[in-house]
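Participant: Quick note: to get this note's numbering, add 20 to the position in the sequence shown (first position is 1).
These are computed hints drawn from the structure, not numbers from a lab.
There may be inaccurate statements among the hints.
[To be verified] Per label pair, the in silico range of CB-to-CB distance: (1) THR135 - GLU92: 33 to 41 Å; (2) GLN95 - PRO157: 34 to 42 Å; (3) VAL249 - THR77: 35 to 43 Å; (4) VAL232 - ALA173: 25 to 33 Å; (5) GLU250 - GLN95: 16 to 24 Å; (6) ASP55 - GLN22: 33 to 41 Å; (7) GLY216 - ASN60: 35 to 43 Å.
For each residue, glycine too, the CB sits at the ideal point set by N, CA and C.
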Amino acid sequence: MQGRSLPLVLAARGPEPAPAVTIRQAVVAGWTGRDRDAVNRHIAELEALGVRPPSTTPIFYRVSAARVTVDEAIQVSGSYSSGEVEFVLLQAGGRLWLGVGSDHTDRHVEAYNVTVSKQMCDKPIAPLFWPFDDVLPHWNRLKLRSYIGSADAPELYQEGTVDAMLDPADLISRFTGEVNLPEGTLMLCGTLAAHGGVRPSERFMFELEDPVLERKIRHQYTVSSLPVVE
Numbered sequence: 021m022q023g024r025s026l027p028l029v030l031a032a033r034g035p036e037p038a039p040a041v042t043i044r045q046a047v048v049a050g051w052t053g054r055d056r057d058a059v060n061r062h063i064a065e066l067e068a069l070g071v072r073p074p075s076t077t078p079i080f081y082r083v084s085a086a087r088v089t090v091d092e093a094i095q096v097s098g099s100y101s102s103g104e105v106e107f108v109l110l111q112a113g114g115r116l117w118l119g120v121g122s123d124h125t126d127r128h129v130e131a132y133n134v135t136v137s138k139q140m141c142d143k144p145i146a147p148l149f150w151p152f153d154d155v156l157p158h159w160n161r162l163k164l165r166s167y168i169g170s171a172d173a174p175e176l177y178q179e180g181t182v183d184a185m186l187d188p189a190d191l192i193s194r195f196t197g198e199v200n201l202p203e204g205t206l207m208l209c210g211t212l213a214a215h216g217g218v219r220p221s222e223r224f225m226f227e228l229e230d231p232v233l234e235r236k237i238r239h240q241y242t243v244s245s246l247p248v249v250e
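Whenever a hint applies, use it, and build me the whole structure from the sequences.
Facilitator: Take a look at the structure:
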């Protein structure tokens with residue numbers, strides 16, 4: 021099976037770089053909200069952009085592992101794409117890890133085919149991952165945030181706790197029918213409503229905060245728009 025090797029930091033006992041981790045399959049879990057009202061609000065956000073509601077919730081979109089990146093810059097076609105912060109699950113070395121990433125999506129393509137839209141853009145993730153077992157006792161207190169705009173004057177775009185989404189064990193079992201993800205599987209696990217509606221930005225900053233152990237995983241990337249020639 022083909023995959024994508026990335027220089028991740030699997031921080032079991034400190035930020036010690038591990039050998040390159042091979043992502044063998046990448047999955048984007050959509051419509052994962054635990055609160056049905058919140059799910060409906062996000063559906064309404066995207067319906068305003070012409071996106072049809074999903075056939076089932078949650079739903080699992082497969083994307084190329086080559087789309088997963090830790091780079092701090094991506095290129096997209098046109099100016100119709102935007103990011104969204106999500107917690108990320110990774111099965112590596114026989115262990116489940118937690119990180120954070122952005123399901124950057126082409127909103128123009130999303131209006132006619134969500135699966136294709138997910139494949140159109142790179143999926144930036146932070147290179148640092150925590151052992152999932154470390155946060156399990158206080159899972160519901162973890163916080164997600166994203167910002168748009170300049171690094172000097174960031175604008176809060178999304179904010180909320182991870183319990184807005186379905187429990188990771190629930191997501192895993194719904195996707196695999198088992199208790200674990202297959203080795204080398206990375207899953208982006210759903211997002212929060214955007215303050216002021218979904219919109220593009222030339223810079224996207226995102227973070228996962230653990231207020232109990234007093235630590236954060238942060239990452240950011242810039243977006244360059246390539247011309248669309250017709």
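Participant: Now tell me if each hint is right for this structure.
Facilitator: Results for each hint:
A beta carbon spacing of about 27 Å between THR135 and GLU92 contradicts the range 33 to 41 Å that was offered as a hint. The hint said 34 to 42 Å for the Cβ distance between GLN95 and PRO157, and at roughly 41 Å that hint holds. A hinted range of 35 to 43 Å for the beta carbons of VAL249 and THR77 is consistent with their spacing of about 37 Å. Distance hint check: the CB atoms of VAL232 and ALA173 are about 30 Å apart, consistent with the given range 25 to 33 Å.
As the Cβ distance of GLU250 to GLN95 is approximately 19 Å, the hint placing it in 16 to 24 Å holds. Between ASP55 and GLN22 the beta carbon distance is about 37 Å. The supplied range of 33 to 41 Å therefore holds. A hinted range of 35 to 43 Å for the beta carbons of GLY216 and ASN60 is inconsistent with their spacing of about 18 Å.
The structure does not agree with the numbered hints 1, 7 stated previously, though it agrees with the rest.
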